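S.K.: The chain contents come next:
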Amino acid sequence: MAKTILVVDDSATMLMSVKTTLEMNGFKAETAADGLQALTRLKGGLKADLIITDVNMPNMNGMDLIKNVRTLPGYRFTPILTLTTESQATKRDEAKKLGATGWLVKPVSGADLIKVIKQVLPGA
Amino acid sequence: MNPLLTQFLSEARDFLQSIAEKLMQLESAPNDNEAMNELFRAVHTLKGNSGLFDFPEMTRVLHAGEDLLDAVREERLAYSRALADQLLDAMDFVGMLCDEIESRGAIGAQHASVGAELAAALREFMTSDSDSAPDAAPAAPADLARAVASNTPDSIFLAPPAEELLAIPEDIRRAAWQRAHDGASLYWLCYTPDEQCFFQGEDPFFLAQQTPGLLWGRITAREAWPPLAELDAYRCLLRFDLLLAITRAEIDQHFRYVPEQLTLTPLPALALVLPVGDGKDSAEGEDFASAALHQLETGSLDALRHATTVMLELASPQRWLASALRWLLLLLDTHAARGAVRLLLESIRDGATPDWRQSGTADAAAQATPAPPHGDPDTPAALLPRANEVAWEILAWQGEVLAQASRVAALPGHLHAAATTLRNCLRALGRPDDTRRVDEALNEALATSSAAPLAACLQRFLAEAGATAAAPVAATAAAPASSPVATTASDGEGEPRFGRRADDLLPGSRTLKVDQAKIDRLMNLIGEMVVAKNALPYLAARAESGSSAREMAREIKAQHAVINRIAEEMHDAIMQVRMLPVSFVFQRFPRLVRDISRKLGKEVSLVVEGEDTEADKNVIEALADPLVHIVRNSLDHGLENPQERIAAGKAAAGRIALTARQEADRVLIEVRDDGRGIDPAHIRRKAVEKGIIDADTAHRISDQEAINLVFAAGFSTAEQVSDLSGRGVGMDVVRDALEKVSGTVTLESEVGVGTCLRLSLPLSMAVNQVMVIESDGQAFGVAMDCVVETVRLPRSSVHTIKDSLAAVLRGRIVPLRPLNTLLGIEAPPLCNEADELAVLIVRHGSDNVGVIVDDFRQTCDVILKPLDGILDALPGYSGSALMGDGSVLLVLNLKELI
Amino acid sequence: MALQFVDSCAHFVDTVGVEEAEVLLDWLQKTPDAVIDFGPCTHVHPANLQVLMAANASVRAWPAETRLADWLRPLFPTPEPTVAPAPKRKRRKAA
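Protein sequence lines, in the order shown, are assigned to chains S, Y and A.
In this text, residue positions in the first sequence follow this note's numbering: the first is 1, and each later residue adds one.
In this text, residue positions in the second sequence follow this note's numbering: the first is 1, and each later residue adds one.
In this text, residue positions in the third sequence follow this note's numbering: the first is 1, and each later residue adds one.
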């Protein structure tokens, strides 16, 4: 079964880019424009095998999203990757402490994206 | 353009707009953290997005901007006007790049240096201003693993003890040796995942298994397992030991999320040379080794090898000696250092595990790094000369056309058309001889009723040209970056360098942002339409079954009423979709006013109201240019400089208010300033000087009429054409532009108090009500909003005054113009049986004019399509419309014709 | 279901995820004579592995996937081959 990946970013361009890559590689991609939207979707029953989230977003940023996701039933162990830029090294560590699995550095090439996903998502 | 790029550009424009807004907002409220964060996020996101594409100039500038804002956000740097200026400049540059990408599909190379300059200018702020100069990006590059060893020879034998390595099966160790001999580096990696790692979504086993260059691995428990009842399944107590043949960089890359959980030891290949098996201490081993050591000393390596092979055949494979001999053979085969061979032989002789720690033997093989061959990745396709680009693009498109042309009934027509295009393109490309090949391919295609031969022929041309067959897009993208296109970024000193974005161009308006609710409504209507449509087959069945014509007519009418209602609602819904807020145009003004007022040395505060007022997209777009012109006029001529204002008892800062509101079916825009106002006397004098009116008239007209003269063609109040508002155009251009969309402009002014311009525009333009008239056997449309009435005048009541026709209608003289004459048709107007002429009374300026036509027909609603291409230049027509019977109606622009 | 219990045998199928570890731990505590069938298994989350290791579970069939089998073999004792390991080979599901 195709793995479902939830992508959270306030940039429609970034969402489109990631979503396209994911879908081209046989993943099912769901999107949300900010942390709050993502959380609402997850609470609403969306089952994601992996969450990829931007850090700096309106309404609810990536950090708060990670914190909240980890409290959701069924999301204790779900891999979470943050989308950061090369200058956000501290954010990455902070996110890891909050329960993120790793990070992607923007701009993410399609090949890198898939490589990292395959690395954190067994069975992908 | 691919959808992602389109999305990027559209979003980029939104970001640029919001960046500019926030920058200006921060000028007045530098401590607004919310705005600061939003500003940072916009620049940050935009930079991230630009990185998705190969736009290094853009990314570089945005990156510098991001760093700068980050410093401001963290209060390492103070926000200043100069900083805002620099950022605005940079964003204009980015906007200009967006335009260029949109129009050319790529960024010209000439922008690289400008980009670098801008980035440097932004970075300047950080170096010059930040006292502490904290490192902007503490880019702790994935803290390299706690490597036990560097590459110093001393550390070589910090390798894991032999007992650990003996866990690795001999064949794997031998394979590893071989890899090291081939140039790979060997590492022994202990990966001890964090106890809580499962709660971070980690799967250390999976990570370990995926390690590149993995030769062998094992899982061990870190501590003794507690009874099951006390076991915490989710506290990770595993450790992974891995034998890797890979570069250090690749290990760091693979484990970059968990570098602190690694203990990495470079592994000299010799450390793996550990014989295993029973009977370590054997007499035959000792004898063999003694002889072999002698052979080694005398350099008889061939003899040594031969002896080893023979001995190996004799030894039982499970025995320690056999294992040692296999290693010996491998060492000899891989030309290991003599010292290593000696040490191994000595250990065979002594029946002891070789202790490589004592050996000073540098293991060259383990250190060597193979140099992968570096091929040139690709040979760039020959760049096409600019001049031919279009032709090639057309050719490439023909490929698409042909690909779609298969199995179409009209195939021969398609083929002929494509072939003609090909021939023309080839001629244009200076290859007329090749048209023969096209003809041959065409004939074959026609004979076989297939587009394939022609398509193949086309592909050959494209291939010959070095253009990829794939896409016309590629052809555009391949446009030589260095083509001598005039540098748009050339700087006029003092001018906002990329200021054209702020005042000349409407931000990309190809994309319409629509409220979800509006789409939903449309969707519902489509649903209703489908239901209504489904009633028609039922009606047909009734007709077939012989219902009476009368009954049928009634039912069809009923159904028509349903569909009519839906169509009307759909129309309304789609009109709603087209509605844009005036903020679309207004949003540029804060920047415009800021830049221009600063340049003029004036202080101006801009007040914007009613920006949510909506109107049709076309109306809003038509509003943009006139409004810019008006605001510039106010800034340039209307508002005084601070000294003058203070002298006149006004506040130093001038005020421009831009308001919008809806009134019935029109949107009203007001631009009001509190400047010096327009002096009617001055206007009178000017108008006379310019010969627009004579002195008598100048005396006679009221002040208001005098002021209105600024709308007269050729009138410009400024003493000299200003480089700001004057581009050789006056208010007449504003008036004309508005009239084109059925808008009006009025002006009020009071000397010393200020000036107010009021624009009034229709809310919507997409559907027009037209009256269909007939002249010389042809039907034309006339926009209803300019038709006052239709009358039939007895021919006898038409008088000829001088050369023109006129008639008296309700006590007023109305000039008459035969439409045939206006259109240059020879035929005279026709009368009806009662010898009456059909006259359409239309509004023309403030007067009425009668247009003599042959006959009136019905009025109807049409969607007016502007004329395209060459026809666009015909002034007498406002567009065409498709009629219910499929015919095309030309709609006249009577204002232009009369 | 990636983890199936049939009598005293736990069948590991395809990818066995982290959430199963608690279930497995409970089952092992209730099943003293537990044996494990890894036959159609392609990946086991290590939380499960450590539960199995702590229980010193017996394996009656190693994964058909040889690389996974190589990792697992050293971890567990193998019972006497009373049961012929003939697991139904499910095809690995493509992701």
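These aren't lab readings, by the way, just hints derived from the structure by calculation.
Keep in mind the model is a prediction, meaning the values are calculated, not measured.
Careful: at least some of the hints might be erroneous.
Derived pair list, reagent style EDC-like, types lysine to aspartate or glutamate, alpha-carbon separation capped at 20 Å [to be verified]: (1) Lys96/S x Glu260/Y; (2) Lys91/S x Asp67/Y; (3) Lys686/Y x Glu644/Y; (4) Lys118/S x Glu65/A; (5) Lys96/S x Glu38/Y; (6) Lys30/A x Asp232/Y; (7) Lys97/S x Asp194/Y; (8) Lys19/S x Glu11/Y; (9) Lys67/S x Asp194/Y; (10) Lys115/S x Asp252/Y; (11) Lys118/S x Asp7/A; (12) Lys91/S x Glu38/Y; (13) Lys30/A x Glu230/Y; (14) Lys115/S x Glu195/Y; (15) Lys118/S x Glu250/Y; (16) Lys47/S x Glu19/A; (17) Lys67/S x Glu569/Y.
S.K.: Next, verify each hint and record whether it holds.
M.R.: Here is what the structure says about each hint:
| no. | hint | verdict |
| --- | --- | --- |
| 1 | Lys96/S x Glu260/Y | 13 Å, holds |
| 2 | Lys91/S x Asp67/Y | 15 Å, holds |
| 3 | Lys686/Y x Glu644/Y | 23 Å, violated |
| 4 | Lys118/S x Glu65/A | 18 Å, holds |
| 5 | Lys96/S x Glu38/Y | 24 Å, violated |
| 6 | Lys30/A x Asp232/Y | 16 Å, holds |
| 7 | Lys97/S x Asp194/Y | 12 Å, holds |
| 8 | Lys19/S x Glu11/Y | 16 Å, holds |
| 9 | Lys67/S x Asp194/Y | 19 Å, holds |
| 10 | Lys115/S x Asp252/Y | 15 Å, holds |
| 11 | Lys118/S x Asp7/A | 35 Å, violated |
| 12 | Lys91/S x Glu38/Y | 18 Å, holds |
| 13 | Lys30/A x Glu230/Y | 14 Å, holds |
| 14 | Lys115/S x Glu195/Y | 25 Å, violated |
| 15 | Lys118/S x Glu250/Y | 16 Å, holds |
| 16 | Lys47/S x Glu19/A | 14 Å, holds |
| 17 | Lys67/S x Glu569/Y | 47 Å, violated |
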